[in-house]
Structure formats: C-alpha cells, structure tokens
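A.B. asks: With the hints as a guide, bring both chains together as one complex.
The primary structure of each chain is shown beneath.
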Amino acid sequence: MLLKKLSEAFGPSGCEQEVRTILREELKDHISEWQRDALGNLIACKPAAAGPRVMVAAHMDEVGLMISSVDSAGLLHFHKVGGIDDRVLVSKPVLIGKGRVPGVIGAKAIHLQRPEERTQVIPHRSLFIDIGAKSKEEALEKVKIGDYVIFATQYGELGASMAKGKAFDDRAGCAILAELLKEDYSFPLYGAFTVQEEVGLRGAGVAAYAIEPDLAIVLEGTTCNDVSGIEEHEYSTVIGGGPAITFMDTSAVGNKAMIRELVRLAEANGIPYQFKGTVTGGNDAGRINISRAGVPVVAVSIPCRYIHSPVSLLSLADVEHSKALVKLFLRSIEGGFRV
Amino acid sequence: MQTKEFLKQMVEATGVSGSECRVADFISRVYGEVCDEVRSDVLGNVIGFKQGAGDTKRPTIMLAGHMDEIGLMITKIDDKGFLKFTQVGGVDQRTLVAQEVVVHGREDLIGIIGLKPPHLMAPEDRGKAIPMRDLQIDLGLPAEKVRELVSVGDVVTVNRSFMELGSDIVACKAMDDRAAVAVIYECLQELKKLHHTADIYAVATTQEEVGLRGATVSTYGINPDIGIALDVCHGAMPGVPEEDTAPMGKGPSIAFGANIHPKVFEQLTKLAKEYNIPYTLDPTPAGTGTDLWAMQVVRAGIPTALLSIPSRYMHTSVETVSMTDVKLSGRLLAYFIASIDAAFVEGLLCY
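As given, the protein sequences belong to chains S and U, one line each in that order.
The first sequence lines up with residues 5 to 343 when you count with my numbering.
The second sequence lines up with residues 11 to 361 when you count with my numbering.
These are computed hints drawn from the structure, not numbers from a lab.
The reader is advised that the hints may include incorrect statements.
Claimed, not checked - Straight line, CA to CA, 25 Å or less: simulated DSS-like cross-link-like pairs of lysine-lysine:
id: 1; chain 1: U; residue 1: Lys260; chain 2: U; residue 2: Lys67
id: 2; chain 1: U; residue 1: Lys337; chain 2: U; residue 2: Lys14
id: 3; chain 1: U; residue 1: Lys14; chain 2: S; residue 2: Lys146
id: 4; chain 1: U; residue 1: Lys283; chain 2: U; residue 2: Lys273
id: 5; chain 1: U; residue 1: Lys18; chain 2: S; residue 2: Lys138
id: 6; chain 1: U; residue 1: Lys283; chain 2: U; residue 2: Lys202
id: 7; chain 1: U; residue 1: Lys138; chain 2: S; residue 2: Lys84
id: 8; chain 1: S; residue 1: Lys138; chain 2: U; residue 2: Lys337
id: 9; chain 1: U; residue 1: Lys260; chain 2: S; residue 2: Lys138
id: 10; chain 1: U; residue 1: Lys94; chain 2: S; residue 2: Lys146
id: 11; chain 1: S; residue 1: Lys138; chain 2: U; residue 2: Lys67
id: 12; chain 1: S; residue 1: Lys146; chain 2: U; residue 2: Lys260
id: 13; chain 1: S; residue 1: Lys140; chain 2: U; residue 2: Lys260
Bound conformation, chain U alone (with noise of 0.2 Å):
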C-alpha cells in the first residue's frame, strides 16, 4: 500500500482517546504486512515487531507515534433528542460551529452542530464564540429513536474526508497523529532495501491526547534500548510567530533539550546531513508535549528523540501535513535505525 493511501484510510478511520478500536484495528492489518508480528496490549497500543539481522546483543528501538485523535463525547441527550457532549482532548470550541459529526452509537450516524439563528441571539453575544456548553448535535431523528441508538459516553468525529491540496499537501480531522503513524509505515518500508541490526517496535499508541497513557505502558512493556516518538508541530503560517512553528515540506523538525537524548539528536542531525535530507531543529528547553515525555522516565530511564512534521490549523478538522515531510522523516528514521549498534547503545550511558 502507498503510504498516502494508508494515511488516508487512517485519518477516515475513528479512534478517538480511550476508543481507538477501529483505526487500531486497520493499522495491525497493515503493519502485519511489513512486520514479523504484530501484538496489541492492555492499553490498546499496536505494537509491531521487526527484528534485526545477527544473533546477539540486538539493539532494541521502540517507535512510537498516537493513533488517537481528539473528539466528543456525549454527556447528556434532552428531551428533543439533541446531544449534549464535552470534549475529549484539546478541542477549540469555535471549530465546532456548523460542523457535521459522526456519532458513534450502536450505529454511525451522522449529525449536525447548527448555529441558532443570530436573530435570536442577544445583540452582545452575536460577536462571541459559542461556548461549547451552549452547543448541541441534531441527528434529526425524534427522541426515543436517538436513546434507542445513543448512549452517553458514546464518542463523536467530524465528518471528514481525506483532501489532497496540490500534488503534496494533504488535509483531514486525525493527521495529528496518525501522519507519524504513516511515517514509521514509510520507514519500515525503506528499512526493506536497508542492513539494521536492530530489533525495531513500531508502536501506534493510545490516550496521547489526553495524558500519555499509551506511551507510558507500551514503553515499559518493550523497555526499549532507544525511543524515538513521531508527532506534529505547528507548520509555519501567518499570525504565528516563527519561533513556534516549522516550514512545511521542509522535512522533519528535530527537537533537542531536556526531553531528547543529546547522542540520539546528535546522531539524527548526522545522518540528516550526510544522506542530504533536508530538517529543521526544534529548541524544547522541557516538556515536549508528546509521548516522548512520558517514555523517557519510565522504568530506569530511556534514551530518546523526536521528530515531528509541521502541521497548519492543528487540533482542527483540516489539519494539514506535507508527504514530502512523511517521506524524509521515513527515510531519516529509517538511516537512523540502520545506523545503530550495541556499542552505539553502550554509549548513550557514557555522559
């Protein structure tokens, strides 16, 4: 499979934090072509195998990019049969407005979040933003047959379809993460035409987007030799400083700080430089608000990195990614983990 068409089928598939089932579900079936084995655990993470040629003292990488996304969930359904919901990850209220969803009951169905006529609205509140509380999803089915079909806590999407802009830039709800999930696809493709000792977890992780939780099991299940977690950053765009963002298609933005191994960094920005593949660096002084916070202190500590993928309008409906960026960041990953040996990991304890 083309790795644009796997980003494709993942960003229309649903996975919202806490219910990842059905993208977890195409994402095992896939890697389960390119992988030895594919497992999953009690979090939900897929974890994928692919092990490294020799006998002995194999590395071990873990991988790991979030399938999750964010979403709604139904908290309450009136009297009418309209939804109340709240949100489940960082979700900008004003993005909601006119929006069509899916929500995911006993079956998908599609609904609408309208804007009550302005008319209707006092005069101060037509220049305000709808707080989400005052929102509500219209199925436009009567009451009873939504509690038949509805439950609280079941959980809401928008309605997307995957959108290619250009020959290069694509758009759709989820590209946050599952754009990382297309990049260790990518690498483990080119790792086909490539030597890596290796033993490699290429892991699509759960619950990123409301507290790391995936990350944090999946690390101390594989307790890898070196983690490496994918994600987005904020592509650069008017009205937002520079400093936050990276250009889009200019390859993979790699971080460095506290977060982020010195040698692994040092390492990725090598090889960056010898195989010609473009990047740009992404000063994190703390936290870098992704999974790689949490695998880095689990169990005895891991060694780790990051790279991420500029992304317009993040925590949006049409996030936007560059494939060029998903195939550099594939190839670089893929350069990297040929690169390492058990001495290379020796090192990583020598500061």
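Chain S with its partners taken away, still in its complex shape (with noise of 0.2 Å):
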C-alpha cells in the first residue's frame, strides 16, 4: 500500500532520496518525463499541447531530527529538523541514517526525579539518543554527525477507517498526488514531490520557477485538533469532514474562483468538505502563490491529527475524499474552467 510505504519512509527535509525512489517507481508506467533540479525536487511533467499548465504540489520532506554530536558515553546528541514539541520525544524509538541504526530517547527515571522535574518540559538539548554503544568509538562506528533520525513508527489501520503512522504531513499529499498522476488529462499537468517544506518552505519555490504555472493547487496534511477540551469554535479541521479548503492562512490568500468551484463540485458530487477553521500555520501555497509574476493557488488538506510527532492519526475516508475532489477539479480544467 503506498501510503504506507511512504509514510515509514526516511526522509526529513533535506535527505528525501528514499521518497523520491518510491514515488518514481510507483509511477514508472505512467509517467515518461521526469524533471528534477539543484535542491531535489521530483516533477511528474505530463505535457498535452494545449490548456492551462497546472501544478499539483505535496512535500515529500518530514520533520526528524540530525545527530549534533556523540558523547564519550557513546550517547548521541542532536539538533530537530522542521517544528517539533520537545515535549514529544521523550520516551520514543527513533532510527538513524540511512541504516536505519535503532535507538532509543530516553529519561531520567521517575524515582530519581524531584518532583517539581516531573512538571518541567525536558528540553531536546538536554535529551539524547541510546544506541547502545559503550564508548564515542564505538557509536562511531555505526553512527556518523550529520546522520538524519526519523520516529520508528509503524504505519497501521484502526478504528473507523482510520490509519496512524508518522510523516502524514506531507506523505498523504504525496499518495494522493501519485494516484492523480496515473491518470492522462487534456491539459500539461505537472505532479511535484517537494523538498524542505518542513524547514522554509524551500523546494516548492524552485519548482514552481521552473514549471511557470498558471494555476496550482497544494496537497497537505493539515493540523486536526477536534479532541476533547477543545472549543468547536477552535477547531482547525475535523477528522472524516472531508477535504479542508483553506481560505487563507499566514503564507497564502486562497484564489476565490478556484475555491468556489472546488466547492460548487464538492456539493454537486456529494463529496464533504470544510474549511480550515484556522489562519496559522503556512504550507508550499505560500512560495507557489509569489513565484515569478504570481500564481492563483488553494491548498486542499487532509486533517491529521498530532501532527509533527511520532504518531499522527488522519481518516482514509478523507484521503479518498480529498483525491476525488482535486481530481474533479482537474476535470473541470479540462472542461474550461479558467481562474
């Protein structure tokens, strides 16, 4: 299953290669030309002679962490890669570098605390990483600085139609946008697999450079907080509503007419959707929508509950739902809808 392929694959920003492997094999029989560029980035090119050029865009990066040092214990050090919560990592396995090297986060035990510890956040500087070697030697010989560490998460199915696993954001735009590329349009379609969203939104600049489009539409997974203890009126998404439409957030103004008829084909097919109930935050909508001489933009999100941790939770429902939305939608392109 490619969703979960992709979300237990390594890859937090700046080290995508096995993303980028799995989304060119997946797509090897349907895609002939491929475009790649300085930072990394992988665009589907699906050329047609005429009709707007489209790009559909989702980050293949996830946040992580990267080994900063190693002890004369043997223990690892290390810096977070994109927004993390020190809050999460403590008690966690986690992988190192391409080897997958096992490891543990640990702490202190509770009965050497004081009991005002037991209130204190655990700052990441102060947390490291257990590979079970007893001296820097012999770390080194498995580990080097620099090395990337991904969550060991399982990816797994549970509840009601509903999936867990790590990297949702971005791993469940790029399983929608690798199943929209199996399909051909009338007009040039360009599918492309980001870098470095989680660390500044990086890749999606560049690559909108280079394809020039007329209009683009983001694929994300998206904060989700409908959980107990939290106001309705505070939620940013709700898990199973269906593809988030969002209006505007901190790095993009959404395009009013391709929202109107994301939503005029959401309503006429039956499909449920929301909008995002919250303005913070930002995704690759922000870089596309300033490249060149500006680009109409919307970003469709998957709600994805505790993002930016080890585990997050998203509804397949919504998947299914988000990508028969944008696949309308591109039919629609097809059908003269023009921005």
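C.D. replies: Now the structure itself:
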C-alpha cells in the first residue's frame, strides 16, 4: 500500500531520497518525463499541446532530528529538523541514518527525579539518543555526525477507517498526488513532489519557478484538533469531515474562483468538505503563490491529528474524498474552468 | 528457547500490575519446560518448582522476579469517545505524550495519546509538562463503539516492540522487571549443568509496582530457607549521580544493607570472585524498593539477598538492559544455588 510505504519511508527535510525512489517506482508506468532540480524536487511532467499549465504539489519531507555530536559515553545528541515540540520526544524509539540504526530517547527514571522536575519540559538539548554503544568510538562505527533521524513508527489501520503513522504531513498528499498522476489529462500537468517544506518552504519556490504554472493546487496534511478539551470554534479541521480548503493562512490567500469551483464540485457530487477553521501556519502554497509574476493557488488538506509528532492519525475516507475532489477539479479544467 | 527470545516475548506481552494473566500464561508455559512443576496462587504468582538432588534436608531457595509492569487504567469514557486514565505504578506523565498505546478492552485497541496543537495552548503552559489529567487516549472510533469495546478499569500499555540496540543492549517497555524473570530462566538453564541439593522455587511475582503484594503471599506460601529477589537498578547515564547507579554490562549489582542477610551477601560475592563473574556493589542502608523488602519479614523472617540488573530509563517505555548482565546474573545465581547445603542454611541463624 502506497500510503504505508510513504509513511514509513526515511525522509526528513534535506534527505528525501527514499521518498523520491518510492514515488518514481510507483509511477514508472505512468510518467515518461521527469524533471529534477538542484534542490531535489521531483517533478512528474504530463505534457499536452493546449490548456493551462497546472501544478499540483505535495511535499516529500518530514520533520525529524539530526545527530549533532557523540559524547564520550557513546550517546548521541541532536538538533531538530523542522517544528517539533520537545515534549513529544521523551520515551520514543528512533532510527538513525539510512542504515536505520535503532536507538531510543530515554529519560531519567521517575525514582531519581525531584517532584518539581516532573512538571518541567525536558528540553531537547538535555535529551540524547542511546544506540547501545559503550563509547564514542563504538557509536561512530554505526552512525556519523549529521545523520538524520526518524521516529520508528509503523503504519497501521485502526478504529473506524482510520490510519496511524508518522509523516502523514505530507506523505498523505504525496500518495494522493501519485494517484492523480496515474490518469491522463488534456492540459499540461506538473506533479511536483517538493523538498524542504518543513524548514521554510524551500523546494516549492524553485519548483514553481521552473514549472511556470498558470494555477496551482497544494495537497497538504494539516492540523486537526477536534478532540475533547478544545472548544468547537477553535477546531482547525474535523477528522472525517472531508478535504479542508484553506481560505487564508499566514503564507497565502486562497484564490477565490478556485475555492468556489471546489465547493461547487463537492456539493454537486456529494463529497464532504470543510474550510480550515484557523489561519495559523503556512505551506508550499505561500511560495508558489508569489513565484515569478504570481500564481493563483489553493491548498486542499487532509486533516491529521497529532502532526509533527511520532504518530499521527488520519481518516482514510478523507484521503479518498480529497483525491476525488481534486480529480474533479482537474476534470473541470479540461471542461473549460479558468481562474 | 534462547533467553533473549524469552525476554522479547515477555516484554511484548501485557501484564500491568493486577492484570498479569497474559504474561503469566506465557511464563508458566516456558517455566513448564525447565521446571518439574508449575503452579499459581490466589494473587496470580507463577511458581515453578525444581527439585534438588538428595532425599533429606533439602534447603529451599525462592527466586523472585516480578512480572507486572507499570501502565495506565481507564477512568472515564467521555461523550466524544476519548478516554481519560490514571496510572498503575509510578508513571512519569512526560513519557506519555505522543505515545501509541494499546487499550486492553474486549479486544486490544490501538490508541494515541496526542499533544494538543501548541498554538491552542496558553503561552504560560507551553513550557510546562502536560499533567496526566489533561491527557487522553484517542481510539479513532465513534463514542458508541468505544463504549461497546472499552470499560472503565481496562488497563493500557504502551505499544512497543522489543529492540536490539547493537549486539548486547536491548530495549522495550517492561524490562522492569521481566529482565529478572529472564535471569531466573537463565539460572535454571545453567543449573542443568550443575549439581544442586536445594529445591528451587522460581517465582514470577505480581503487583510489585503497586505494593510488593505478590511477593508477600508467595513467600508465605513457600516459606523458603533463603529468598533472593531479582530486580533492575538504575543504569549509569549522564545527569544521574554515580552513587545512584551501576554501570551497564559489568555484571549484577549486589545489594548490601539491612534488607539483606550478611551471610548470603558474603556467599554471593565470594562465588563471584571464585568464578570470575564481574559485579558491582549496591550499598542500601534500608529499603531496597523491591520484592525483597516484603519477603524478608514474612512469617518468622527469611534470609535474603538481592541481585540487580542495571537498566537505563527505568519506568519509561524504552528501558534498556544488557544481555551480558542477564547472563552473568543467571550464572552467579546458579553457582550460588549449587553451593547451598543444609549446613549453610543452619548457619544463617547464627549471628
């Protein structure tokens, strides 16, 4: 299953090779023209003689860690790659480097803590990864400074058509984009699997520059906080509520004609949808929007509870509905929809 | 079965204090292969019996390692189907955030203890640990389905697989104290090669983490001549004072103090030296915080000793132990058992 493969792939920002390989393999029978660039974006080109140039983007990278030093006890210290709350790191298994060396992030035993320590966050600077090495030399035989680190989380399905796993932000978007690219369209379509979104939307800008799209859709795994203890008016999205369309966030204002068309298509075809209820955060749409002389954009997102942590939760129905809605939108462009 | 495989299957099994039946069934089965007889008692202790050689005056030695693990227990199912919980044993609330768990309801259900998005947190709360009362388990199920499958009182464990870190160090939940059950298993294997007159009671005890209860009643039932507890101690690591820890991979840590009979201690260290088994010393003036504290004062009093396996990150879900320590401890224990005769037991009353 593609989402499982993508979720379990190794790909913190700047180290997306495994994800690229999975996607190229998945699409080898469907894409004959691949465009690559200096940053590592992977662009699937589906050329056509006429029609608007359409870019659909999803980012391949995930948040993770990077080994910064190894101490004399053989323990690994690390930096964070992308936005990770220090509180999610304690008591987790991780995998280091492309060889996936297993390690654990432990914490001082509760018996040895002063009561007030238990109410304090352990800063990531005080945490370390234990790979069972007894010395610096032994550790350096297995890992090196600069190695990336991912959470050792397996994909799984649970509950009512839900899936758990790491990196749904944005491998869920990658999985949908790959499926969309398996079909043919009458206009030139560029499927951009971008890099380095989590460290500053770095890949999408250069990809959009190269593609020069007339309009763009960004597929994103977004925050979802419809849980107990949160007021309903504070929900960003609702899990199982269908694709979330973003009016505005800190990075871009969604194109109104595109939003109207998405809503029209959803309602006409009985696809559930929602508007993202918060304006915090940003994604690749922000960079694509201001590429060259400007590009109309809209972000369509899959709600994911607990993103940027070792394990997130999404609704497989939301994935299907997001794919269906964007596919309808692309067909609508074939039918003459223009911004 | 290799000891490492035995340990793997034990730590991956469920056995929160008071709900040990699954891990107990597994241990009973494996102990059945190395003991003459296996039984259990009212509190669920698994007791393997292995008879010594000789017809009369066989000393009885009880070995205790607790099979229960810390965990969580469901206290409330809310209107949206999210589960509130309390702790069973000493759980650090900070180790629960962003954790995958298994809720042991009518069936095993995977759940997630998530972190609310930071932008919805009051600024003053962002630098603080999230109190356990504000955490909840998400099963990804509608509330009515949750109520069908989960009851208040169901126990919860972290969903964790056994990991081998390099060739020697292994990590998982529940190494405290199933590593000790593995030591006892290793000892029983080792004893096949040795002559011993003592009868052995290999006990996997229950409810240690909530008050040493399994050890209390099993010791009463067995009434051994010598009681030895096996537990984990804190493995040396940065940020923890050296005097509170023992180094990993350097053999068992042998405790000494009021909770330990001086002659049993002496015999253990003497044999360790004789057989070149490395060990460290664990001076503990009063309570050892282990089953031994209960065992010592059962009936008219029991001569006791404690061997500990160093473990880093105790009471997290990534506790580590060294297989070298498990093996060395098992071997020392076996030599100790082989050395015990009726005269030694008699001498324990002579101070």
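A.B. asks: Checking each numbered hint in turn, tell me which of them this model violates, lowest number first.
C.D. replies: 1, 10 and 11
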